[in-house]
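Q: What follows is each chain in one-letter form.
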Amino acid sequence: MEKKLHHSAAYYPELWELDQVDEDIALMKQAGLNAVRIAEFAWSRMEPELGKYEFDWLQLVLDRLHDSGIGAILCTPTPTPPAWLSETYPEILLINKLDRRMTHGSRRHYCYNSPTYRRLCAQIIEQLARRFGRHPAVIGWQTDNEFFCHVEACYCETCKAMFQRWLKEKFGTIENLNHTWGTHIWSEYYNRFEQVPLPVPTATLHNCSLVTAFWQFASQSMVNFQKEQLDVIRAHSDQPVTHNAMPPFHHLDYDDLFADLDFGAIDAYIPVEKWWRAIYEFDWMRRKCSRPFWVMETDTSWTGSVASDNDPTPRGFTRMKGLTAYGMGGQGVSYWLWRQQRTGCEMNWSSVITAWGKPTPGWDDVRTLSSAMPKVEAFLFDAPVPRAEVAIHYSNRSRIMLDVEPMTTDFKFYDTWFDDGYKPLFATGVFRDVLFESALVDGYKIVYTPFLPAIDPALLEKMKRYVEQGGTWIIGPMTGYRTPDHTVHTEAALGALEAFAGVPVVFSFPVNQQPVKVKLAHGATAGAKHWAFSFGDLKDARSLGEYTSHPAAGQCWGYEKTIGKGKLIHTGAGLDESSQTHFLRIILQSAALATLYDSTWGTTVVPRKGNSRQGFVISNWDAKGGRVKLPHPGVDLLTGRSLSGEIRLEPCEVLIVEIK
Amino acid sequence: MEKKLHHSAAYYPELWELDQVDEDIALMKQAGLNAVRIAEFAWSRMEPELGKYEFDWLQLVLDRLHDSGIGAILCTPTPTPPAWLSETYPEILLINKLDRRMTHGSRRHYCYNSPTYRRLCAQIIEQLARRFGRHPAVIGWQTDNEFFCHVEACYCETCKAMFQRWLKEKFGTIENLNHTWGTHIWSEYYNRFEQVPLPVPTATLHNCSLVTAFWQFASQSMVNFQKEQLDVIRAHSDQPVTHNAMPPFHHLDYDDLFADLDFGAIDAYIPVEKWWRAIYEFDWMRRKCSRPFWVMETDTSWTGSVASDNDPTPRGFTRMKGLTAYGMGGQGVSYWLWRQQRTGCEMNWSSVITAWGKPTPGWDDVRTLSSAMPKVEAFLFDAPVPRAEVAIHYSNRSRIMLDVEPMTTDFKFYDTWFDDGYKPLFATGVFRDVLFESALVDGYKIVYTPFLPAIDPALLEKMKRYVEQGGTWIIGPMTGYRTPDHTVHTEAALGALEAFAGVPVVFSFPVNQQPVKVKLAHGATAGAKHWAFSFGDLKDARSLGEYTSHPAAGQCWGYEKTIGKGKLIHTGAGLDESSQTHFLRIILQSAALATLYDSTWGTTVVPRKGNSRQGFVISNWDAKGGRVKLPHPGVDLLTGRSLSGEIRLEPCEVLIVEIK
Amino acid sequence: MEKKLHHSAAYYPELWELDQVDEDIALMKQAGLNAVRIAEFAWSRMEPELGKYEFDWLQLVLDRLHDSGIGAILCTPTPTPPAWLSETYPEILLINKLDRRMTHGSRRHYCYNSPTYRRLCAQIIEQLARRFGRHPAVIGWQTDNEFFCHVEACYCETCKAMFQRWLKEKFGTIENLNHTWGTHIWSEYYNRFEQVPLPVPTATLHNCSLVTAFWQFASQSMVNFQKEQLDVIRAHSDQPVTHNAMPPFHHLDYDDLFADLDFGAIDAYIPVEKWWRAIYEFDWMRRKCSRPFWVMETDTSWTGSVASDNDPTPRGFTRMKGLTAYGMGGQGVSYWLWRQQRTGCEMNWSSVITAWGKPTPGWDDVRTLSSAMPKVEAFLFDAPVPRAEVAIHYSNRSRIMLDVEPMTTDFKFYDTWFDDGYKPLFATGVFRDVLFESALVDGYKIVYTPFLPAIDPALLEKMKRYVEQGGTWIIGPMTGYRTPDHTVHTEAALGALEAFAGVPVVFSFPVNQQPVKVKLAHGATAGAKHWAFSFGDLKDARSLGEYTSHPAAGQCWGYEKTIGKGKLIHTGAGLDESSQTHFLRIILQSAALATLYDSTWGTTVVPRKGNSRQGFVISNWDAKGGRVKLPHPGVDLLTGRSLSGEIRLEPCEVLIVEIK
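Chains as they are written, first to last, in the numbering used here: chain W, 1 to 660; chain V, 1 to 660; chain B, 1 to 660.
The following block holds chain W by itself, in its conformation from the complex:
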């Protein structure tokens, strides 16, 4: 993809008269957009009847866009099979957990494993890619749209048979499955793979191993479905391909999904009061994919559907969000949506222009972002985001496991991961990368691995090597206590991890209403959360704190230990948020392992560093204004101001400071 900053919006010319295209493009130019995303729901417009293709409208649109210097991310229209397709091949319709076959008229109502559906998808993509794969307006591709959004998984007979075959490939023999899953429990024992049920609702819970395996299967099925799309696209186009991932709402293994893709993309709908989740999303997209990324969807002011539950974002928020996305490594920011829908069920979503072609509340921010971009574009390419000193693991495989078995009723993966996992690290002021389990860890000073119930043998080997060669690995809370097959270790609480650490777990217990206190080695007292492990027999390890509450009173809460040239830091339970932040900050500071930026909460600092240029992107996210201590004097490229020392930011202000 061309090295430039893209400013884009989702464009649905298929919903309007074609003679309106010129007006739309004129308005896009006025808004300063240089790209659109297009066609992800337009199958019925491309193929109104089986085998009858109509692409002239799209040709016209792409031609006009190109004439105006606007590029297009072209999408495969597979999230929405047309009515004739659902009617002719009802077997392609997804069946949900309650055995209900989806009907036409919505989206994602297809079975991603249906051979018929896959064949018809390949055909329409073939037509699309063949005709437009080398069209000069096309600057990239998107597969489908937000995989797994709105549907949990398909439970049809096709999926059932494929799941059973998938298990057969995984386990070889039914005896192996029976032994691994311990199926004599509740007489689940299977004589043949064909007896394994889908985990549909029944009298009470299914075996955790079954449920986890089923969701892994569903995720791999979707990745395979995408793989088939990629093969067709790449046969006809050299442009890079992505998929617009949702935040970690779903049971989709993005580590797998993005392995096949050329660049990252995230749909980032961020309420201002949870602004720091955007930071996570940009961190995730930047490093996980190790490639440029797009914010493929974001609102210009609020999100809608048939009922909005949020407010217009503050003045300047959308501009700040866009600049910070670029500042954190993004090469594209695309709004959902360009022109307000005139029909359907998302009519009251914010947009760039209204259904009657007038500016919306977000318009000003879109324009001011456009006018800011030329001032910083060269700098951002000259001074890319450097590798961070600290990384944190994120795994959607953990999401599956912790949804299947949350351990305590207050554990909600999405919220807990953000509030108790990522946020305390972020709040130390350190700049950080987010890593998939498969990512390389070489070069990081610290790797932090919270909330990863099962540590895959490959990951453990990699991390052992990492520690032995000098890395610092922070493990926990709630890491390593399950096998990848979602069972309990039987040689020790944490299995091979415990063997590596050499420090035995003593107790493992829930923390619910009753407070469980921890006295930390650095003097503070904190409250443990969720599920706790205590340690015994530290030998040459150094205690980092001990529990002072029953049932683990007097037992060790966490320890650090030198292994090879590196260090293991292992905590038995998460702490209340401020204690967890404080604990991590002490580790980062005491070892002088990482730079901690000094800014008030709500204001973020991102370093940029190239061969000849360097600086910082500083943003006020909480719309309250803030302060930052500038690490080096410099010049704000947006205003030309020279800056040094402690700086005040206005609400939603962004500074892109180059060190001169």
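No false leads were mixed into what you were given.
Pairs involving identical chains hold if they fit within one copy or between any two copies, as the list cannot separate such chains.
Straight-line alpha carbon distances no greater than 27 Å define the calculated DSS-like cross-link-like pairs of lysine-lysine that follow: (1) Lys160 x Lys97; (2) Lys624 x Lys519; (3) Lys375 x Lys4; (4) Lys358 x Lys561; (5) Lys539 x Lys517; (6) Lys52 x Lys168.
The set of hints was computed from the structure by calculation and includes no laboratory data.
Given chain W's structure and the hints, the job is docking chains V and B onto it.
A: Here is chains V and B on its own, set in the frame of chain W:
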């Protein structure tokens, strides 16, 4: 119907031995009742097997009632098909949204579109009307019972095919439907009407236009079902017919339903803490139907089912409720129920007498109401309720649209309509009529139209004429922003309404957690609610306030404008309740357009005015007592007291004051 | 069963390698266990294919247990049919209320009325009992596991046909059913038994009589299913049989179920903050069965499933719970479970040892309980729990009726029974027995009957005789107002009970948000709860209080009356908890009918009395410590301390005091 006040109860002689009828009638006389409602669930008693009719029991009951001077509202027994019917014709059973066929043993388990069911209903009604249509005890009819209560709509194959035909009649061609509904969205596009699905649950939302159309279809189907019943009844009886409407809980277009009926009837179960909803219900029934109305069901003390969630009403409440119903134009008050059920699932509902024939907690109030009636009956007929100066539109078509698309998550039609629509107007102290959209508006000084998302072209024409000829039309909040097909206008935010007003909408945005402030022209500051519109370019209009919050800070919140001989008052957002009341009171007062009665909250004033007599009905509803400033001195017909100036009312006291 | 205290755990050797049995047994000996419960889910291990039996593993386990002096409660494995069974005979799968057929992979997914399933159950039990019925390790049997846990009832076609036959047997003719249930209500009227539906969800509620009858049928079906199991077991074994009852969560008539069993057993999972529910459970199991009982399942520290919602119990709680269970008449305490599950969906439940064979947080308590047992065992057998002076009726038939018709929305049977029924009596300090309706009442000074909507004629006769011969019967709240067929009495509010009492009920009404006050004869003022009855015309009865609130202001709340040699105390409504306790305490004290122990809340006293030895078991349950006034000086057998007067207990301390 005879010009007299009816005092009645629901009577189920089919559930008891016939030799108990005399005891029941003796007790009714003691209670002072002069009417009963009868037979709405008695199909199995009338036709215990297909074609085997048994009416002698009913003959006996009606004869005895007539002998005792007690009239009867006779009901069609169609809400409850007998077991033999469901068994013989299972296709008549309603299928709900979750594709579940209803079973026998409850009520409303039939498909109102089933040709078989309609045929069998016509037969039993024919038998009933032929035999009793001219019985002297029969003073009126009720069709079925509480249409749509307990069931949302039927989703069976018959309904599906009829819905598709209904769409064909409405749109003519599938292309017209596709264009109107914008079906290329999400590739919903239909090749044939036969592809249009029912809006059953699927992966996510259906097109709003589809859902709205389906509920309109269901409503019209029920109206048609009633129409067939009316034809049969009227062939054999000259007595007036009604239906006992529920408050606006359901997706039933009462504007249509009552157009076919001779008098209004409402089932009014009012908890004392929401007492003012009764006022709305009586207003609605009086003017909407422009005819006498009955309170066809009301509790004597509390409501029940298998678990009651409310308390016995205060002493005097039931008497006051009845007198006020008469005072507001009612000609009948009927309790549910006469004798406590001895079986079934409503055994613990309050009644007039217990299952063992003794007085209940409500008995005293029933008796004291009976003894009050003769004192006021002549006056009430001599001095009817006059047309109000102010009217407010109420539309169940809006309920459908706002249930399909509530715009913000806090918008609950039933509560919002009452709390933010009707209540602020009522709270000004003005006497008001409630109008269907189809009602004539001539003669009103002010018409207020809040929460009407789509203004039908016919309504708009009527209101334009109304304004041009001198009326004042208050529009908004949340009025006119959708087309009747539930889509967005594309020429301007409010389409033809905006063209008429001549003042453009600038922004349209949700108001959720974040406060949006309005500075009103009269000096006060208020908070906007739900969904806001801002205006620009007022030209010759006068601003009534402006927003002071992002994103519309500095833009106009509302305006007034002279058009022809009249005035348009247009507000862009509803205000918090007290501000909305204050705003409306200023409008009413400044123009001296309407009389505002001066009473404490909880005490209501209703004017009565005939050729030679006039006065007021004054009621304390909140059971706390209250004060009222009597507009004219007069005499309380209930006690003979002369009254003038400021009066104190005891808890639940009623004054029926004639001006002498 | 041998007269000894059993200390046990649920043991699942079928889930582990057999060579681990020796390690497990060694650890059991270390923990001091002398029993296990075994095999309730092991069908697939016993019969991996139809007719292929494998029992050698169980032989080995039982042999080894016996060698080590550990007894076994052997279970029928019928809660979990193996996969081959569900696959071969899908008709045996339970169909739930929503018409959903359960799938394999969980538990209790069978229809208890399926003839096929019953036949296969009889076969496997025959095999099991034949082989092990006289094995010396086997000290008793358990049928199935927690009947009705996780499933409400089966709604399959078999059940439907059997229910209709059951009704035919009960009512003889359909006319009798129609009349009893009053089926002309809502035209429910049935022409034939074959028309009677199951009470599945439909448009709205079913007739209460139908729903109650269906749940009675389901309960009796389960009892019959158990009966078939008992016949097979007893043909091959002389050991006593029980079933592990749940607390009253389900619609199972334990009065019926335990009539067939040799000893009682309860699964008691008690959160410390609701500790007094354990007391109820032990009282219930002791007297209801009039036989020794086991706590067949209890946690060592917390309960789990895939998400725990509770905390580890305090130090000493598990030991105290066990000692108190023995102290209240228990002869066995068995943990769930021995070794933490390594797979399935209950991996994070507390246990005695971890999956890797190490102590858990509960281990210490298990051990200290074991070491305490020898000190008290002889005393507990020499001085059994005496019959109490006071008894309280408990009926699961009431649970059915009050679940079908809770009368007020705040009435939740389980909580209300405990908080408003049992707890106020318990809180007086009296020692009490809990009785089934069928139990003999001779010998009790007082019998208390709250929350029993329908008094069966047999019970009424028994209680009449009881009162006439000198007993004191406390009736109410909410007792006697329905017939056993779940209908309303028609001769008087309370039917035959009212005739017996001779005092008429005046009003009957709900108590929800609005306070209803009662002025008690002893001077205090209290608030009534749930549903209230008022009395009139006391004649020779003495008022115990009167209502001061509408609608019953001035009417009698309760009365006492001498009948024969005894007394009837009848209350019209329950009171707030402390008033109810106070009221009961006054009755108990004034008549000097019963000993009231004097201890702080959270500390309990249980008397023990034999021919030559007597004393008390005193326990601190709330883990806060407490005080007790020792009725007689004595010696604590656990510590040897002499005790007298007022004693302080440490948190979770137990004293087993023998009066010397």
